[in-house]
Amino acid sequence: MKKTTLKDIAQKAGVSVALVSNYLNRRPSARMSEETRKKIDAAVIELDYHGSAIARSLRTGKSNIIGYVSEALRTEVSQNEMLAVFDAASAEKYQVFVAFSVERANTLHNIRMLKERGCDAIIVSGYYDQEFSEEICRTFSPVVILNTHPTASIPGKILHYDYRTAVREAINYLQSQGHKEIFYQTTLGDAFEQRYIEFVKNFGEEKIWNITSPSIEDFKDFFQKHPDCSAMLHLNDFIAMRTIQNCDKLNIRIPEDLAVVGFDNIHAAECATPSLSTVRRPLRDAASHAVGALLAQLNGEKYDLPESLPCKFIPRESI
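The letter at position 128 of the sequence shown is residue 127 when you use numbering that gives the first Met the number 0, and the numbering goes up by one with no holes.
The hints are simulated quantities; they were obtained by calculation from the structure and are not laboratory data.
Below, simulated BS3-like cross-link-like pairs (lysine-lysine); rule was C-alpha separation at most 25 angstroms, straight line:
1) LYS61 / LYS38
2) LYS224 / LYS206
3) LYS179 / LYS200
4) LYS61 / LYS11
5) LYS311 / LYS200
Could you build all of it, start to finish, from the sequences and the hints given here?
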């Protein structure tokens, strides 16, 4: 059987091939009358174009495509979140279109672009306050925001990763081992950042070591000022592994002299020597909930999207 082409559709509808292509690809340049649009739709359905995928979308009003917008795809944890979204969507027979936003201004642009591409729904991942989260929801619906900013709250639209629960678990575990002088190494001084909030709540700001890419000399100075420090939490696993490297050069034993905890549970964390204690985000559960909530909205059904999902502390050899 001869495969249907754009030329076949154009001839059937009595229009140009370029117009058919622009319309089916949902390009803004596809300007036409409603009558012409109906002719193309009818030709696509009658000729069963592309094995009926496009024809089906025209009949049902659904493309079976979910958009995913992220501002941090350069990091392993964000890439893992994207893969979790792919798996959750694929299980529901949906495809995923991805857009990477380098700056916040690009986020809304990418959402509009995915809308023009015919996405049925969109998942947005980033660190957005209440005002910007509301703007995202005004730009497209249905949408779910995977968010870590504690001030943002839109029931049914925002799902948080709860960092604070895991930070408490790590602190409790360290204290049960007798650690009293516990510090937190970070590059962020954000008073709204969950890890920062929970740590300061327990130990105060004087136990925050805010530094970017500390050198051997920085570590020497730190331990001279804080000789009783016996445990250190970190913003992420990379920073924690750098601490292990620097401590090795200074003959500081891990975990005998210093217990080390990272954050994110990247693949290298378990392979480090010693294996790195860390915190795992509930990426697959979050992706499953996000996709489930979007499909429920598309089908006019109710879905109780949780406001947050707890991260999990994973103790390993570094403590």
